[in-house]
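Peer 1: Residue strings, one per chain:
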Amino acid sequence: MSAYILYRHRDIPNLNQLDVYQKNGGFEAIKKAIKTMSPAAVLNEVKDSGLRGRGGAGFPTGMKWSFLPGNLWPHYVVANADESEPGTFKDREILESNPFQFLEGLMLAAYAVQANDAYIYLRGEFWQIARRLDTCIEELYAEGLLGDKLFGTKYSLRLHTHLGAGAYICGEETALLESIEGHLGQPRLRPPFPATFGLFGKPTVINNVETLTNLPPIIEKGAAWFKTLGTEKSPGVKIFSLSGCVNKPGNYELPLGTTFRELIFTHGGGIPDGRTIKAIMSAGASSVIVPADDRALDTPMDYESTQANLNAPLGSASVIILDDSVNMAWLVNKTVHFFRHESCGKCTPCREGTYWMSHLTRRIAAGEAAPDDIDLLNIVARQMQGKCLCALGEFSTMAVTSGIEKFRADFEKLVNH
Amino acid sequence: MAEIKFSISSNDPLAKPELKKIIDEVIDRNKHLNGATMVVLNELQSKIGFISRPMQVYVAQRLGIPVSQVHGVVSFYSFFTTSPRGKHTVKFCLGTACYVGGIPQIIEKAKQILGVEPGQTTEDGEITLEVCRCVGACSQAPVVVIDEDLHGRVRPNKFPQLIKSIQPGQE
Numbered sequence: 001m002s003a004y005i006l007y008r009h010r011d012i013p014n015l016n017q018l019d020v021y022q023k024n025g026g027f028e029a030i031k032k033a034i035k036t037m038s039p040a041a042v043l044n045e046v047k048d049s050g051l052r053g054r055g056g057a058g059f060p061t062g063m064k065w066s067f068l069p070g071n072l073w074p075h076y077v078v079a080n081a082d083e084s085e086p087g088t089f090k091d092r093e094i095l096e097s098n099p100f101q102f103l104e105g106l107m108l109a110a111y112a113v114q115a116n117d118a119y120i121y122l123r124g125e126f127w128q129i130a131r132r133l134d135t136c137i138e139e140l141y142a143e144g145l146l147g148d149k150l151f152g153t154k155y156s157l158r159l160h161t162h163l164g165a166g167a168y169i170c171g172e173e174t175a176l177l178e179s180i181e182g183h184l185g186q187p188r189l190r191p192p193f194p195a196t197f198g199l200f201g202k203p204t205v206i207n208n209v210e211t212l213t214n215l216p217p218i219i220e221k222g223a224a225w226f227k228t229l230g231t232e233k234s235p236g237v238k239i240f241s242l243s244g245c246v247n248k249p250g251n252y253e254l255p256l257g258t259t260f261r262e263l264i265f266t267h268g269g270g271i272p273d274g275r276t277i278k279a280i281m282s283a284g285a286s287s288v289i290v291p292a293d294d295r296a297l298d299t300p301m302d303y304e305s306t307q308a309n310l311n312a313p314l315g316s317a318s319v320i321i322l323d324d325s326v327n328m329a330w331l332v333n334k335t336v337h338f339f340r341h342e343s344c345g346k347c348t349p350c351r352e353g354t355y356w357m358s359h360l361t362r363r364i365a366a367g368e369a370a371p372d373d374i375d376l377l378n379i380v381a382r383q384m385q386g387k388c389l390c391a392l393g394e395f396s397t398m399a400v401t402s403g404i405e406k407f408r409a410d411f412e413k414l415v416n417h
Numbered sequence: 001m002a003e004i005k006f007s008i009s010s011n012d013p014l015a016k017p018e019l020k021k022i023i024d025e026v027i028d029r030n031k032h033l034n035g036a037t038m039v040v041l042n043e044l045q046s047k048i049g050f051i052s053r054p055m056q057v058y059v060a061q062r063l064g065i066p067v068s069q070v071h072g073v074v075s076f077y078s079f080f081t082t083s084p085r086g087k088h089t090v091k092f093c094l095g096t097a098c099y100v101g102g103i104p105q106i107i108e109k110a111k112q113i114l115g116v117e118p119g120q121t122t123e124d125g126e127i128t129l130e131v132c133r134c135v136g137a138c139s140q141a142p143v144v145v146i147d148e149d150l151h152g153r154v155r156p157n158k159f160p161q162l163i164k165s166i167q168p169g170q171e
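Residue numbers (my numbering), protein chains in the order written: chain P, 1 to 417; chain W, 1 to 171.
If you are wondering where the hints come from, they were derived from the structure by calculation, not from laboratory data.
Hints are not guaranteed to be accurate.
Derived DEER-like restraints, expressed as beta-carbon distance ranges [said to hold, decoys possible]:
| no. | chain 1 | residue 1 | chain 2 | residue 2 | range |
| --- | --- | --- | --- | --- | --- |
| 1 | W | Q112 | P | G25 | 52 to 60 Å |
| 2 | P | A3 | W | V116 | 44 to 52 Å |
| 3 | P | R275 | W | P104 | 16 to 24 Å |
| 4 | P | H267 | W | V131 | 25 to 33 Å |
| 5 | W | I113 | P | L72 | 56 to 64 Å |
| 6 | P | E405 | W | H32 | 49 to 57 Å |
| 7 | W | I8 | P | E181 | 25 to 33 Å |
| 8 | W | V67 | P | G345 | 16 to 24 Å |
| 9 | W | I8 | P | E28 | 56 to 64 Å |
Here are the simulated lysine-lysine pairs, DSS-like style, with alpha carbons at most 30 Å apart [claimed, not checked]:
| no. | chain 1 | residue 1 | chain 2 | residue 2 |
| --- | --- | --- | --- | --- |
| 10 | P | K346 | W | K91 |
| 11 | W | K87 | W | K47 |
| 12 | P | K47 | P | K32 |
| 13 | W | K87 | W | K21 |
| 14 | P | K278 | W | K158 |
| 15 | W | K87 | W | K158 |
| 16 | W | K87 | W | K20 |
| 17 | P | K248 | W | K109 |
| 18 | P | K47 | P | K31 |
| 19 | P | K32 | P | K149 |
| 20 | P | K248 | P | K406 |
| 21 | P | K35 | P | K23 |
| 22 | W | K31 | P | K202 |
| 23 | P | K248 | W | K91 |
| 24 | W | K109 | P | K278 |
| 25 | P | K31 | P | K154 |
| 26 | P | K149 | P | K31 |
| 27 | W | K109 | P | K413 |
| 28 | P | K32 | P | K154 |
| 29 | W | K109 | W | K87 |
| 30 | W | K5 | W | K16 |
| 31 | W | K31 | P | K149 |
| 32 | P | K346 | W | K31 |
| 33 | P | K233 | P | K32 |
| 34 | W | K164 | W | K111 |
| 35 | P | K248 | W | K158 |
| 36 | W | K91 | W | K111 |
Heads up, the beta-carbon is just placed ideally off N, CA and C, and yes, glycines get one too.
Full structure from sequences and hints, please.
Peer 2: As structure tokens, then:
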């Protein structure tokens, strides 16, 4: 494996200290951008690199930036550090161990769209990390790397951290904006999209922590270099969070297009206790449950292939491994209860749907269900699909419909006992 | 905005001068911020330990926003509590990886040892059990968070040892 790009702290000790980060090329990219490149040139470089959002949707980052109108000001940039998807723990490591590369990336994004204020929204559980980030930001002000008239130009930039308070839904970008504004974290109806009506009603770009952390190396080494990594349509490296029934759970930075087999067996050390792998959830609790056959294991993990081969979005690439001791009906019950608890209550399909699904899955898992309940559960889930205000509602049905489709026997075992 | 009259019981934080001072300080320091509500409530939760009804009314008055808005935010986010908690909290992560990793058995063990269910506080007011959604440490599943410390790869037979440090008379 070549040198790390995002997890550089694994090669360089104490990279979370400003002087160490600077000695290792830190803040050269932002200096180069502000001093020698126009905002449009930065945007185009990122567009050319083909970088896609690492939060889950995989939307091209440069294109997202280009949607901001030039005649509405001010612009804002928001870093989404509300890493709440069960099974996802990649951003935590960046924020703890390589925070300056993330901050530099955020600064680059802000410069590209000419925002003078950028916000970092962290989940409430990250309060210690938020405190450390505040210290990092203070250091940058003291060094003249943040504040007014950066590097002798007219450009000024301020960074602000903002803590959530324990709500999964706030990872959804419009709910996140509501939360920063001090309201309930409930998603907004779109359109208007955040690109025109975002934070405090102004044009806003929202990017994931990992996406932003990719920016300094892209500006430093260029789009052409970035494209040599990963696949043609999904360039770059990705951090895969591996957890569940596997010998070596953890974060693995690998090129996009690495197969599930390589991640699980070469890097993750295989399945413990001599058990066999039964299923994979590739995008945390929001994921469809994929039977771990050869076809699935040999699928490259990039945005196109997992969708095409397995009908499963790669999402945030939080790969949860399930072995043959796990009953999928039981797993679906846990997943549905999670979503029922986290449903914000704004739209009816999700609020009522997760409620009814949770009753059915509980009955099935407890062995109290009638045979018809499996189909009823499937119908409730399918009724929700395509009707929810935001993606959370859709996600809550993923494990249900795929679980029943692929592992019906697990459900029947609990019903016909 | 008309001042809302409300009664404050003698054990409410607002009735205790030293706590009232903290509450005022937090509000004064943050009230000018865009989106001050969350910032103020977050700080009050961590400094006072909970946000009582009278405190919610007081925050709304001081920030010049409706009480319903403050109460809405308090009841929406799971971090905010409206009644006092035990001196220590033990949280069990219910994320997918922790479930697969065996958190249900650990919760059972805790119920046996402490005699309370998640959501309840022991009779001596020492320990509150809580469940929480994924804390983002899935590689260390199953995870138990005691006060502010995260403990990973907890096994049911190791759990009694783990909570000894916060049980009174067992230090």
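Peer 1: Are the hints correct? Go through all of them and say.
Peer 2: Verification of the hints:
{"no.": "1", "hint": "Q112(W) x G25(P): 52 to 60 Å", "verdict": "holds, 55 Å"}
{"no.": "2", "hint": "A3(P) x V116(W): 44 to 52 Å", "verdict": "holds, 51 Å"}
{"no.": "3", "hint": "R275(P) x P104(W): 16 to 24 Å", "verdict": "holds, 19 Å"}
{"no.": "4", "hint": "H267(P) x V131(W): 25 to 33 Å", "verdict": "holds, 31 Å"}
{"no.": "5", "hint": "I113(W) x L72(P): 56 to 64 Å", "verdict": "holds, 59 Å"}
{"no.": "6", "hint": "E405(P) x H32(W): 49 to 57 Å", "verdict": "holds, 54 Å"}
{"no.": "7", "hint": "I8(W) x E181(P): 25 to 33 Å", "verdict": "holds, 29 Å"}
{"no.": "8", "hint": "V67(W) x G345(P): 16 to 24 Å", "verdict": "holds, 19 Å"}
{"no.": "9", "hint": "I8(W) x E28(P): 56 to 64 Å", "verdict": "holds, 57 Å"}
{"no.": "10", "hint": "K346(P) x K91(W)", "verdict": "holds, 28 Å"}
{"no.": "11", "hint": "K87(W) x K47(W)", "verdict": "holds, 13 Å"}
{"no.": "12", "hint": "K47(P) x K32(P)", "verdict": "holds, 18 Å"}
{"no.": "13", "hint": "K87(W) x K21(W)", "verdict": "holds, 22 Å"}
{"no.": "14", "hint": "K278(P) x K158(W)", "verdict": "holds, 29 Å"}
{"no.": "15", "hint": "K87(W) x K158(W)", "verdict": "holds, 22 Å"}
{"no.": "16", "hint": "K87(W) x K20(W)", "verdict": "holds, 20 Å"}
{"no.": "17", "hint": "K248(P) x K109(W)", "verdict": "holds, 26 Å"}
{"no.": "18", "hint": "K47(P) x K31(P)", "verdict": "holds, 20 Å"}
{"no.": "19", "hint": "K32(P) x K149(P)", "verdict": "holds, 15 Å"}
{"no.": "20", "hint": "K248(P) x K406(P)", "verdict": "holds, 27 Å"}
{"no.": "21", "hint": "K35(P) x K23(P)", "verdict": "holds, 20 Å"}
{"no.": "22", "hint": "K31(W) x K202(P)", "verdict": "holds, 22 Å"}
{"no.": "23", "hint": "K248(P) x K91(W)", "verdict": "holds, 24 Å"}
{"no.": "24", "hint": "K109(W) x K278(P)", "verdict": "holds, 29 Å"}
{"no.": "25", "hint": "K31(P) x K154(P)", "verdict": "holds, 13 Å"}
{"no.": "26", "hint": "K149(P) x K31(P)", "verdict": "holds, 12 Å"}
{"no.": "27", "hint": "K109(W) x K413(P)", "verdict": "holds, 28 Å"}
{"no.": "28", "hint": "K32(P) x K154(P)", "verdict": "holds, 15 Å"}
{"no.": "29", "hint": "K109(W) x K87(W)", "verdict": "holds, 20 Å"}
{"no.": "30", "hint": "K5(W) x K16(W)", "verdict": "holds, 18 Å"}
{"no.": "31", "hint": "K31(W) x K149(P)", "verdict": "holds, 28 Å"}
{"no.": "32", "hint": "K346(P) x K31(W)", "verdict": "holds, 28 Å"}
{"no.": "33", "hint": "K233(P) x K32(P)", "verdict": "holds, 27 Å"}
{"no.": "34", "hint": "K164(W) x K111(W)", "verdict": "holds, 15 Å"}
{"no.": "35", "hint": "K248(P) x K158(W)", "verdict": "holds, 21 Å"}
{"no.": "36", "hint": "K91(W) x K111(W)", "verdict": "holds, 13 Å"}
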